[in-house]
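Since chain A is already given, all that's left is putting chain B on it; use the hints.
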Amino acid sequence: MAENNTIIPEEAYLLGLITGRGHFFMDSFSIAIEFSHTNEFIAGIAHCPKCGWLATDNKNGGLKCKNPECGHVLDSSVKKTYNQPLSTVESLKNVIVPFLKTSINAEFDITGNKSMTILVIDLKNNKDKFKDITKFFSPDTSFDRFHIPKELETATNEAKIEFVNGLLDTSGFANAGGWLNRDGKNGHGRMRVYYQIVRNWHLPVEIDNFMRSQFNLPIHTIDWGHPNIRDGNLNDFYETNPTSWGREHQIKFFPEYYGDFKFRISSKQLMFDELKAHNLGVKFDNTDDWFPPSKITKGKLKAYHPGENDLRIPESARRHFDAFWQINLAMGCKYLQGLQSKSKNPDLFAITGDIELDEDFSKIQAEFDIIRNELTENATNKKRPEKAPSTKRKTEKEMAEQAMYEPLTVFFTDYLSKKYSEPADAFDTSAGNLNLFLKNRNRELLDVFDYCDKYRIKPDVVGFLEKQKALAFIEAKITPLDLKSLGQLMGYCFVAQPIEAILISTKEPSLSLIKVLKARPDLLQYAEGRMIQLATLQNGKVNFINI
Amino acid sequence: MEKLTSLIFNYMDKNIFTNKLKNWLDNFLNIKFSETHEVISVLIPETSLAKMNNEAIKQMANYSTWEFKPDVLGILKNKKNSRLELVLLNRSTSALSLKELGEMNCYAKLTGALLAFVASTNGVSNEVNILLLEDKIRQRVLSYGEGQDIIVVGWDEKNDQISEDSVIPFSKKDFIVN
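These protein sequence lines map, in sequence, to chains A and B. Start counting the first sequence at 128; every next residue gets the next number (the numbering used here). Start counting the second sequence at 10; every next residue gets the next number (the numbering used here).
Chain A with its partners taken away, still in its complex shape (with noise of 0.2 Å):
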């Protein structure tokens, strides 16, 4: 901050990149940002040489105008492409990074891979400026958890639009298929550019009401990973995926507007050019502001889902929705409390949107509540197409790991409770990584293992002991055990410092390990005074192994 307590431009541009997608490292003094790309590369969009509409990918491959009257078909070489891990890396060296170093004191370095590049601030020999920063967001360290800070609503505009500006180099997206079926003056076709918020409930609408707010700015709707608003008529979760709803929130704005605003990311930056130059040629003549709602009438209504009460959503919108709206209103929408307050009925605002309506509000309930069942009861009956088989089967060694997790989750409740004397539980969590398991299925448990958040491993069998606030793993093999398979274990040890690790097979282990341990037992510890143990699974039994 500068002395006189303001914040900044190149600090505010900073805060912006933290607060899409920022950690904070406590212990190392460190912050890294991640600047997602996904995909390698990514394609403009085009437009018929002959009439200047919107051309879109045809079903017989190549381009067709969307103009009725000419149709002409173009190929897809004309798009424009960028590459986005390489154009991302030399905008953080060439741009962000000396940008950034003309006023913040730190060693900068860039790592990564192809689908995402991170910037790392090392602030080790600038201690202050680092409690500066972590202090906009305390005592949260990620950003699924981050929040606007609210000193930036008394920043100059400058730093407001360079707090904008980071957001966007992080968290926008300027992609060709984000398009709106709307007809302009001059063409069809409204392009689209979002914010991505991932895992945080929070930001969107504070984001949403910081742009209105700020900027006087409207936003086109928020698509929340609600599976009210993603799997609205259940057909992913009958037909192909049922947590297909679990995705990123994405605030989607028109770019015609942004541009106070711009990205630091050349290839984000170029392609947002293209879809800006397009609708301001199309000409639309309104915001498409999604402020204030529309009405929710009964053929608005959607169907109930069983995602409704999944423990990923926060509790304020753990439940039913019918408009994507009211989970604005319930994540604290000012605007909305606003239109509510002066609504004549409040409740049945918060179901309609209508500041008009006063009637029985149980009444009203009760209507919408049969519509709703009738239309989940015509989507768990409806016809569906026949599911194809997965192609991916489960391979006879996964099938046979798998088979050991149930008797080794039992065996491990039990060994750690009469270990520790004290309550234990243990869980299968071979099927994704620890964090995600206690955020998906266990909230009770992230309470109290809080520092869990950040272990995106994934240990076969966990056991938590709740009143040391103590991991223990366990690794299961359906081959003899052998360096290799130690020193997997050993990875995720090293990682989370469990109070046990142990190592199991249904085979004995091979006579190299045992070799190679009782010559080197130290290779079997991963912490002071803790060694992986082995052991054997036969018979139901564990047996444990002493080197």
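Hints listed in this document are in silico derivations from the structure and should not be mistaken for laboratory results. Worth double-checking, as some hints may not be accurate.
As the list claims (entries may be wrong) - Interface residues of chain A toward chain B, partial, derived using beta-carbon atoms under 10 Å:
(1) K228
(2) S230
(3) N240
(4) M243
(5) Y582
(6) S612
(7) Q615
Claimed, not checked - In silico DSSO-like cross-links for lysine-lysine, where the CA-CA straight-line distance does not exceed 27 Å:
(8) K145/B x K566/A
(9) K108/B x K581/A
(10) K67/B x K645/A
(11) K89/B x K241/A
(12) K241/A x K422/A
(13) K60/B x K241/A
(14) K145/B x K594/A
(15) K634/A x K78/B
(16) K60/B x K634/A
(17) K108/B x K241/A
(18) K422/A x K469/A
(19) K596/A x K108/B
(20) K228/A x K207/A
(21) K181/B x K228/A
(22) K89/B x K611/A
(23) K86/B x K29/B
(24) K181/B x K220/A
(25) K256/A x K167/B
(26) K581/A x K611/A
(27) K167/B x K645/A
(28) K67/B x K241/A
(29) K108/B x K29/B
(30) K634/A x K89/B
(31) K108/B x K566/A
(32) K524/A x K31/B
(33) K642/A x K167/B
(34) K181/B x K581/A
(35) K89/B x K181/B
(36) K145/B x K611/A
(37) K207/A x K403/A
(38) K167/B x K611/A
(39) K220/A x K191/A
(40) K389/A x K241/A
Being a predicted model, the structure only gives us computed values, none of them experimental. Just so you know, even glycine gets a beta-carbon here, dropped at the ideal spot from N, CA and C.
Chain B in isolation, oriented as in the chain A frame:
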């Protein structure tokens, strides 16, 4: 089959990648260690080190317990004390996970390797990359002895070289790419 799969899924054939890394390591060791060490050989082992028919390995203490096979092996001789030293390199064509790093940690500890590398055409997985940015975790995962860290590198397929921005820990970047 590997070649066919790699063509379909657009990743480098493992054998081709191993050979590229062997050439890179040979060149790297000859440049970086020519003053202090004699590079005896850089090779792609066909059996575990314990079973290798290699005179240099058989002169090393405890070699019979080295029941593993790195993808590329470098053998150096220290010019000062004639001590034989190993350089281990494992490679993967998918993003590196903790499995590969933990595995290399065991091998490097066991052999007391002079250098230990893990290389991938896809760098480190996003999950592990973030974990390795935390000093304490990175030290635990990569350190295998006093001042000795596993070096993680990504391979830039377009330019056929180590990708400068992929080296972990950052402190080894200059050593590897310059």
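Against the structure, the hints:
no.	hint	in the structure
1	K228	violated, 17 Å
2	S230	violated, 23 Å
3	N240	holds, 3 Å
4	M243	holds, 5 Å
5	Y582	holds, 8 Å
6	S612	holds, 9 Å
7	Q615	holds, 4 Å
8	K145/B x K566/A	holds, 24 Å
9	K108/B x K581/A	holds, 17 Å
10	K67/B x K645/A	holds, 20 Å
11	K89/B x K241/A	violated, 42 Å
12	K241/A x K422/A	violated, 44 Å
13	K60/B x K241/A	violated, 38 Å
14	K145/B x K594/A	holds, 25 Å
15	K634/A x K78/B	holds, 22 Å
16	K60/B x K634/A	holds, 24 Å
17	K108/B x K241/A	holds, 20 Å
18	K422/A x K469/A	holds, 16 Å
19	K596/A x K108/B	holds, 25 Å
20	K228/A x K207/A	violated, 32 Å
21	K181/B x K228/A	holds, 23 Å
22	K89/B x K611/A	violated, 34 Å
23	K86/B x K29/B	holds, 23 Å
24	K181/B x K220/A	holds, 19 Å
25	K256/A x K167/B	violated, 39 Å
26	K581/A x K611/A	holds, 25 Å
27	K167/B x K645/A	violated, 46 Å
28	K67/B x K241/A	violated, 41 Å
29	K108/B x K29/B	holds, 23 Å
30	K634/A x K89/B	violated, 46 Å
31	K108/B x K566/A	holds, 23 Å
32	K524/A x K31/B	violated, 32 Å
33	K642/A x K167/B	violated, 43 Å
34	K181/B x K581/A	holds, 25 Å
35	K89/B x K181/B	holds, 24 Å
36	K145/B x K611/A	holds, 23 Å
37	K207/A x K403/A	holds, 15 Å
38	K167/B x K611/A	violated, 31 Å
39	K220/A x K191/A	violated, 39 Å
40	K389/A x K241/A	holds, 24 Å
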